[in-house]
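Engineer: Per the working numbering, the sequence shown starts with residue 49, numbered consecutively.
Keep in mind the hints are simulated off the structure, nothing from the lab. Check before you lean on any hint, since a few could be wrong.
[Claimed, not checked] Heads up, simulated DSSO-like pairs for lysine-lysine below, C-alpha to C-alpha not over 30 Å straight-line:
1. K284 with K179
2. K179 with K190
3. K284 with K247
4. K179 with K247
5. K109 with K179
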Amino acid sequence: MLSLLKRYRTLLIVGVLLLYPFGAFLTTGRRGRDPNFVDRAVIGVSAPLQRGLIGLIDGVKAVVYGYIDLREVREANEELRAENMQLRATVQALGETRAENERLRGLLGYAEAAPGPEIPARVIGVNPVAKLLSVRINRGEKDGVFRGMSVVTPDGIIGQVVRATGGWADVALVTDLQSRVGVRVQRSRARGTAAGAGKGPLRLENMLRTEDVQEGDQIITSGTDGVYPPGLVVGKVTRLEKTEHGMFLGGDVEPAVDTTRLEEVLVMGSPFGALVQGSAGGSGGER
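Please construct the entire structure, taking both the sequences and the accompanying hints into account.
Structural biologist: Here it is in structure tokens:
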């Protein structure tokens with residue numbers, strides 16, 4: 049008997065533990081009862097384990113749901129970022145189009161008010177050679193553009209055509225060293241010459257030192273060079289040089305148009321054009 053108990057003692061202990069709750073249930077029936085020592089011991093051992101399992105499950109659920117939410121937020125942010133980039137590109141394109149439309153409207157208004165026909169053109173290239181400051185436009189002889197014609201914007205003069213082919217033409221800028229423009233002071237009508245000095249302001253030349261000219265005076269074309277019609281804006285006097293001796297005064301004229309930012313221009317088809325198709329006029333001669 050003792051040997052049997054020793055051999056099956058593990059099974060007996062497990063059986064007693066399993067039978068005890070069942071026997072307690074049968075003896076108490078459906079009546080409630082207060083937990084005894086064994087119940088309290090079982091509850092005391094299992095409660096922390098149960099709380100730990102519940103906490104672990106809740107933590108895993110929170111991590112999983114948090115990852116899912118974070119992934120959805122990240123995907124939404126990526127979509128919003130891409131949409132924002134597209135909208136910014138669209139706004140930029142619309143802004144550029146609006147600015148171009150305003151420039152073209154200005155050119156159109158100027159062309160309608162000008163005495164002769166004007167040919168609108170777009171700048172498509174810049175001459176990198178320092179000996180000739182020029183730009184290339186997308187209009188040529190087939191469009192009625194010829195060598196010697198003047199080129200302007202509503203803000204002021206740009207230069208003159210020095211070379212033309214069927215589909216394009218080169219325009220020497222007023223800032224070129226060989227450029228000479230007949231000018232006058234708009235206020236006092238004093239006459240002189242605006243000479244190109246390379247990049248920077250024009251040089252005021254051939255103006256008598258006794259003439260009435262002041263810093264800030266607006267300089268316009270005089271129409272005496274055979275290239276530019278009279279009354280076009282050239283720039284403003286920014287500095288004067290009056291010496292005690294000599295016949296002429298000098299000074300600087302800031303061009304009205306920044307020739308480094310040209311995009312659209314007008315080629316003057318005025319009566320001057322008929323005179324300059326065979327010559328370069330007074331703005332620099334042969335090039």
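Engineer: Could you run down the list of hints and mark each one as holding or not?
Structural biologist: Here is what the structure says about each hint:
A C-alpha spacing of about 25 Å is found between K284 and K179, which places the hinted pair at or below 30 Å, so the restraint holds. Of the pairs offered as hints, the one joining K179 and K190 holds, with about 28 Å between alpha carbons and a cut-off of 30 Å not exceeded. Between K284 and K247 the alpha-carbon distance is near 16 Å, which keeps this suggested pair within the 30 Å criterion. This hinted pair checks out: K179 and K247 have alpha carbons roughly 11 Å apart, not beyond 30 Å.
Using a Cα cut-off of 30 Å, the hinted pair K109 and K179 is violated, with the two alpha carbons roughly 76 Å apart.
Violated hint for the displayed structure: number 5, the only one.
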